[in-house]
Each structure stands twice: as C-alpha cells, then as structure tokens.
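Start from chain H and add chain L according to the hints.
Residue numbers (numbering that gives the first Met the number 0), protein chains in the order written: chain H, 0 to 679; chain L, 0 to 266.
Check the hints yourself; a few may be wrong.
Straight-line Cα separation of at most 25 Å, SDA-like style, residue types lysine to any residue; simulated pairs [claimed, not checked]:
1. K582(H) with R547(H)
2. K178(H) with S164(L)
3. K125(L) with S83(H)
Simulated from the structure, these hints should not be mistaken for lab results.
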Amino acid sequence: MKGSIKNKIIISFVTTLTVIICVYVFVVSWQLHQKTAEQADLLAQELTSQVYDTVGGYHAVTISLLDSLLEGVERYGLSLTRHSPIAATIVRQQQESIVEFLQISAVKEAIDFTLIFNVNGELQASSGGSRGYRPGDRNLPAHLDQYHFLTVANTVDAILQDELQFRITPQESAAREKKSALHGLVRLDHAFLKNLGVDQSKIADKGAIALVAAGIVRDDFYIPAGIVVVGKLLNGLNKPFQSFSDATSVATVLYMDTAPIAFAGFNSGENEAVDPAELVISPDLALAISLENQPTKSVMTLAGDRYISTCTPLQDMDQTPAGILCTSLPEKQIVAIQQSLLHHGMSTQKGIQKWLVAIGAVMILIFIILARIIATSITRPLEQVVAFTMKVGEGKVFHRLHTTSGDEIGTLSRSIDAMLDNLAVAQQRNEKLEDRLRLAKKMEAIGTLAGGIAHEFNNILYAMLGYTDLAREDVPEGSSTRTHLDHVLQAGERARKLVQQILTFSHQREEDLEPVKVDAVLLEVVAWLRTTIPSSIEVSQDIQTVNRSVLADAAMIHQLVVNLFTNAVQAMSGKGLIAISAKAIERAVDDTTVLAALHPGEYIEITVSDNGPGIEPEIIDRLFDPFFTTKEVGQGTGMGLAVVHGIVDTLGGLITVESELGKGASFHVYLPVMAEESLS
Amino acid sequence: MIKGVLLICFFMLYLFPAPVKAEEITIVGTGSGPLILKEIGKAFRQQNPDITINVPRSIGSGGGIKAVGNDEYLIGRVARGIKDNEKHYNLTYLPIARVPIVFYVNPNVPVDNLTNEQIIGIYSGKIFDWREVGGHNARIKVVRRQEGDSSLSVLLQSFPHFKDSPITEFSKTTYSDPDTIELVEKTPDTIAFGAYSDVMKRKVAVLKMDGVSAIDSAYPYYGVFALVFKEKNRTGGLKAFIDFAASPATAGAIKKGGGLPVLMSAE
Chain H
0 MKGSIKNKII
10 ISFVTTLTVI
20 ICVYVFVVSW
30 QLHQKTAEQA
40 DLLAQELTSQ
50 VYDTVGGYHA
60 VTISLLDSLL
70 EGVERYGLSL
80 TRHSPIAATI
90 VRQQQESIVE
100 FLQISAVKEA
110 IDFTLIFNVN
120 GELQASSGGS
130 RGYRPGDRNL
140 PAHLDQYHFL
150 TVANTVDAIL
160 QDELQFRITP
170 QESAAREKKS
180 ALHGLVRLDH
190 AFLKNLGVDQ
200 SKIADKGAIA
210 LVAAGIVRDD
220 FYIPAGIVVV
230 GKLLNGLNKP
240 FQSFSDATSV
250 ATVLYMDTAP
260 IAFAGFNSGE
270 NEAVDPAELV
280 ISPDLALAIS
290 LENQPTKSVM
300 TLAGDRYIST
310 CTPLQDMDQT
320 PAGILCTSLP
330 EKQIVAIQQS
340 LLHHGMSTQK
350 GIQKWLVAIG
360 AVMILIFIIL
370 ARIIATSITR
380 PLEQVVAFTM
390 KVGEGKVFHR
400 LHTTSGDEIG
410 TLSRSIDAML
420 DNLAVAQQRN
430 EKLEDRLRLA
440 KKMEAIGTLA
450 GGIAHEFNNI
460 LYAMLGYTDL
470 AREDVPEGSS
480 TRTHLDHVLQ
490 AGERARKLVQ
500 QILTFSHQRE
510 EDLEPVKVDA
520 VLLEVVAWLR
530 TTIPSSIEVS
540 QDIQTVNRSV
550 LADAAMIHQL
560 VVNLFTNAVQ
570 AMSGKGLIAI
580 SAKAIERAVD
590 DTTVLAALHP
600 GEYIEITVSD
610 NGPGIEPEII
620 DRLFDPFFTT
630 KEVGQGTGMG
640 LAVVHGIVDT
650 LGGLITVESE
660 LGKGASFHVY
670 LPVMAEESLS
Chain L
0 MIKGVLLICF
10 FMLYLFPAPV
20 KAEEITIVGT
30 GSGPLILKEI
40 GKAFRQQNPD
50 ITINVPRSIG
60 SGGGIKAVGN
70 DEYLIGRVAR
80 GIKDNEKHYN
90 LTYLPIARVP
100 IVFYVNPNVP
110 VDNLTNEQII
120 GIYSGKIFDW
130 REVGGHNARI
140 KVVRRQEGDS
150 SLSVLLQSFP
160 HFKDSPITEF
170 SKTTYSDPDT
180 IELVEKTPDT
190 IAFGAYSDVM
200 KRKVAVLKMD
210 GVSAIDSAYP
220 YYGVFALVFK
230 EKNRTGGLKA
240 FIDFAASPAT
250 AGAIKKGGGL
260 PVLMSAE
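Pulled out of the complex, with its shape left as it was, chain H reads as follows (with noise of 0.2 Å):
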C-alpha cells in the first residue's frame, strides 16, 4: 500500500529516531575521541611525574648506596684502629708485617688505599689496591704534614696530638673522635693515586672521587700508636650499582667534573659496553645540578637516548664540588607506555563506538518494529472506517460504526454513522418524497383525467340539467313527473357540485397565487364556520399572528380549512370539540422529523384536531386518496381530503396525520412563508 498512512507514520517515526540517534552517536563519539584523547594526556603526565618520582626514589637509593660504601669504609678504617697487632707493629716498627696485613685486608674488603702513620706522623706502610708498600717503595710524602688534601687524616692527627701531650684526657679524645667528621668524600690528583700505586685503569685523568675514612690506632691499652687512612675510589665502581640496575632497570652514572667515571644500567643486554664518552653531561646542566641543595630533576641525553634523571652533587669534605650522581629511567620506555596507553585509549574508544552503532542499529530496529506496531495501532481503526465507507459506497451497510475511542478517528467514525444516520433519514425523505410525488403525479393523472372526464361530464350535465330543466318546465306542478323531474334536478345539482369539486381539484394550478396573509383568512373563515357548525359542536381558536405571508390563494385556504372542519364535524358524528390553531415555525437544517420532508425555511404550521373516535391507522396512508371515504355511500364523496391534500401540494407544504383511536385527530398543515423581501 503506497503512500498508506500507516507506512508514512512508520517512516517518519524512524526517520527521526534515526537522525536523533545518529546525531547522538556522533556527539558521544566525538566527546569519547576528545575525552580519550584526554586522559591519554593526563594519564601521561601522570605517569611522567609518577616516573620521575620513582627516579628520585631510585636516586635516593643510590645515594645511600654511596652511604653504605662510605660506612664500609668507616667500618674498616675502624676495624684497622682496633686491631692491636698493628698498633703493637707501628710501635715496634714491623713494617713487613703491617704491608702483609694490609695487602690481604685491602683486598678482602676491597680497599684501594691505606696509609699508616706512627704518632709522630712518619709514613709507616701504604698500599695501593692489592699491594703494600714500605716508606721509600713509592713517591710518596713520608710525613702526614704533607697530606693536606686529606683533612681528615689531619683533622685526627690533631685530637691525636692533643691527647698525647695530655690536652685532653683519653675519653675526651674517643668522644671527639666519634663527633668529628672522619669519614666522606675527598678528590685526589691523579700524581697521588699513582703514587700509591692504585691500578691506573681506574684513574682518570683528573684523578679521581674518593670515600676516605681516618682513625687513631690504639694498643690493647688504648694507647694510641698512630693514624691510619683508608680509602675507596669510585671510579669504576660499576658493581654496586649495577646490581641495582639489574633488579630495576635504572641507570646510574657517576661524575667528575662532567666526565663519567662509574656508571652501570645502559647495556642494551648484548654484552656491549657503552662508550663513556656517550654519557658526558653537558656544563651547564652541571653547573645547575651543583648550584642546587637539593636533587635536580631533567632530562637527560645518555649513549644517544633520552633518560628522565634525577642528579644530586657531591661535595668533598671542604664543602667544595666533587662530582655528581645521576640516576635515570630511559624516557622511550615511557614514551612506549604513552604510546601504548594512547592506543589502548583509542581502541577502547574504537570499541565503544561501535558498541554505540551497534545498539543505535538494535534500537533502530527496534524503533522499526515500535513503529510498525504504534501505526498500526493508529490506521487500524482508519482502515476499518474505509473498508465500511467503501462497502457504504457500494451501498452494502446496513448497521454502523459505532466507534467509542475518544481519538480523531473515532470523532471521524462517529460522524460517518451521523452522515449515514442523516443519508438514512434523507433516503426516508427522499422515499417519502417520491411517495408524494407519486402521489402527487396519481392525483395529478387522477386530477387530469377527471377534470377531463368532469369536464365532459359538465357538458353532458348541462345538456342533462338543461332538458330537464326545460322538460319541468313543461309539466304541470304537483306532478308526479315534476316530482320526478325535481329528484332528477336535485340529483343534477349534486352532480354538478360533485363535477365542481373534481374540476376544483383538477384545476388547481399555480396561476392565481398571491401572498396571502393566512391568519386573518384563518380568522375570517373560522368565523364563518362557527355560524354553521351545530352548535354541538365546539370551536376553539389559537391563531397566532404571523407577519408573513403565504403564497397562495385566498379561496383555497378557504376550501382547505373548511374541508378539514367538515371531516372533523363527520368524524365526531354531531357532538364535540374542533381545535384549530396557527403558528410560525422554523423547519431546521437538521430537522429529523416529519417535517424533514420539507425544504428547510419558514412555514406556518396550521393544525386542525378533533377530540373524535379517531383514525384507525390501517386506513391513514389512504386517507387523502381521492373518493376514499368512510362513510356510507350517498352521505360523501370522498374528495374532501383529497382536495386538501391537493391545495396543500400545490402551495409547497406538507400535511401530516396524528391520530390515536378512542382521543381523537390532529391534522397539521404547513405552509411555506414567503421570504420576506421579494416573491418567487
């Protein structure tokens, strides 16, 4: 069914949803693409920050790894104070022993210097990695004066003094000794470490970063003997730190001036070294790293990969800059997990979306079937009212509707029962008309031919009535042939009357028709009939008036009420009461009783009742048929009715019959008035 209004409803319901949901979908997808896009940005800022504070929490690491070495340091330079058989070989001067005894510990402990000086400062033994030397073995200073640089051997030679020249007791000494500090980091020169022998491979050029601790060696007694310094390079140190790159993945390196000296974390595990010179900080980064008194966070470029570092500087003993330590976490492993988390974001985003076409695509389905249903619902009752209007129209229907939903097509569907409603009355009307009609056309053939046969008939009559009026003439008063000639006159006079009415009633045309003001006829006639009626018979009168005239003719209102009076006098057979009564009344549009019979105007209602023994309902429809009469034969001719009813066609009314056996008759004429500017 094209164009069906059922499948408009369906299309135009999914059409919008379709729109709405499309629009819907795109705006999701667009702020899913611009939220996602988003948290990617935060989530990786986030992760930068978190990264760079497990960097700094690494650095801190380091940097108590830098802690624990110094104290190992300490510790062993606390362990040589202790251990008398050295005191008891500086004071004897057993030098071969003490070296013996240094070579095995430096190398135990992994030491890379010590030094030995008896109470009066004289170098008494060194050792420089694994090897120990006698004063004179090496260039080195012979007297602690000389060892500037290293304040702290200087810094315990003076408690030291101080107790031997008994400035201070013993205890004050040890108490001093614990509070000073006499451990941490110093530069050496390059000459220096040569000179004590250290391995040249782990000096740099600008020598190198030390953890150096100093303490006084005392006897069993306490006694002191003398001064000891040990001390650690860091360069090199590459162990420590890389098995803390190994279980973390961070890189540490460690600097001198801006050259790495020890570094661990950047192998990209094919056993391939990375070149130091790839891991020089730049000056100016260094500069600001040691300008700070807190770790420095930056990024930093390492054997040609960015690092995300964290650097803390490191100062000697004199507060001056001796290095720095950096601990960094390469940035591509971030930029891989930004990565990552942007495509998982996207790919997420890519899901939802299509989650959304594929619900909007269900929904829409949906919708179809919604909407399917919904019109259906809606056009089903409409179809209904079409299929009926189509079987009206083929004049198949005789029930209705009867529709009681309160919608627009049920106000529809009740209006077709009202149409039918009306098409029935109409189709009443139409049969009643045409009744009339066909009665009007019977009385006019009827009308024609008696007024054809009346007329011969006057003819004949009046050559009849004439003869004979000659033949009484002729015979001589009290005849009997007179008598006989008089009955014959009489019965010519009826006769004639009887033609006249024909003749009224077969002649009644349009011709002499005037407006006619029917109250004042109605009065002047019911005057008329009050003196002739017996005075058994009563009259009322309710003629109203009316300014409006009748288009008519005078004399037939006339003949028509009197007619009507004298069926009313006949019917009551000599004793009652004759109402007659006169009104305007309006025929509505919408008029659905007998008066739907008419044109729909003005008329004037004229009713004529008797209180008479009424009119037995078989015989109504036959009332205002010509010689149709109820009495006996000779005492009526049955014309009167119908001469009314003829009066009544020719003016345009109606007249219409009540009658309830045993109460009596109401007839009720009604005749248009005339519209009141001009005559038809």
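Just chain L now, kept in the frame of chain H:
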C-alpha cells in the same frame, strides 16, 4: 681354676698386714689463693702424713660449688660466698682465710702507694698518666679482670666508690690470674689487681693502699677463702682436715701463703 687363684689372693691379703692406704683429699674450685691452701696442706700433712691433699687446677669458685654440690667431689675451695641459686646444694661454707686483694704494677713504675681516690681515678680513666700520681711521664696501662671475677667482686663490694663509676674502656681485660700477672710482669707502666697470694712471689710490685700493706691485718680489701662441703661427708680424714684448716693452728701457714687469718677476735 680361676676361682682357686682368686681365693688364694684373697687369703694372702689377709695374711699380710694391710698397709695403711694413703687417703687422698681433692679440693676443687677457685684459682685464688692456691698458696694458702698449699701451706695449710703442708702443715696438715705433717700431722697426718697418710693423707694427701690434692689441689687441682682452678675451675673457679662456681665450678667448685657445683662439683661438690653434685657429689662429684667431697670438698671445694671458694673465694666468694655461696650465691642464692647455689643454696639448694645445701653446702656448708667454712671460711678459712682472708685473701687480700691488692693492686700491683710493673716494677718500672716508681710508685709504691696509692690512695683510694687515686685508684678510683685510674680505673675510671680520669687519671691516665703515672705523673699524676707521683710517677714518671708515661700513660697508665690499666689492666682489669672480666666481669664475674672474684677479685673484681671483692673490690666492687668493699672498695669504697669503686662501683660508682664504670671501669674505663681504655683498659685491657684479662680472663685469668696467670695471664694477668704475666702481662704486668712483661709490660711497663701496667697496673692490675688480684689476690696477694698469687703475686707475692712474682716479679711485680704490690702497692700499699693508703699506706696499709697487704700483710697488715688491717688491710681492708680481701676476699674470704673458704671450704665448701656437705655435712654428711665430714667424716674421717676430711673431717680431720676441715677441723685443722679451721683451727687457729693454721695462722702461720696462712700467712706464709699470702693470706690473713679469718678475723675471729682482735689480734
């Protein structure tokens, strides 16, 4: 056949007069004051030649108490009182002699007398140079015994203010009497403390305390040398020895051994 041989041996024992078997008394315990016990033993032997007194090496006072308490030995020698947790052994504690606890130095130290305060000063670390107490210019090398040592306990108990301040950490701790004495003999400038009887014959110089020498009965710092035993074992030779040791007859022997008689009456 064996039975017959055994029977003959048995009869032979009866035939020959049984020689008087020499009784052995083993006294275990402290290493303190061995000389005292030796001298008492010598004196006792003169009167009881058939009884031998054995004085094995030191197992400490505690070791002695435990050994006697567990019936491993009949008699012990102690240089301190019975502790509360040793009371359950129900041993009799019989003081025999007083063992003076003395301070002694390496012969190179030119000091022979120290006051109470000086000792305290030295052992607390405040005085750390011999010069401060009238000696030469040298750091005082302080030697002390391990915690729980009997002579240390005596000092802590009876030496006024000794326990007020902790012994200086700048000291060397020794763990036996012989080690201590040897150290002081060999090392100049050392000072240590211990039982007089241990050191009186060695190459160390015993210091007077506030002018009072160790052999003076008025010497204030001493441990008590005592015998411990179970009453039920106080029979026969043991009883004889115990009674002898507790009697005033041992005064001379005690003195010879470097101790002082137990104070019973004013002497």
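Taking the hints in turn, this is what the structure says about them:
Between K582(H) and R547(H) the alpha-carbon distance is near 11 Å, which keeps this suggested pair within the 25 Å criterion. At most 25 Å may separate the alpha-carbon atoms for a hinted pair to count; K178(H) and S164(L) meet this at roughly 23 Å. For the given pair, K125(L) sits about 23 Å from S83(H) by alpha-carbon distance, which is consistent with the 25 Å threshold.
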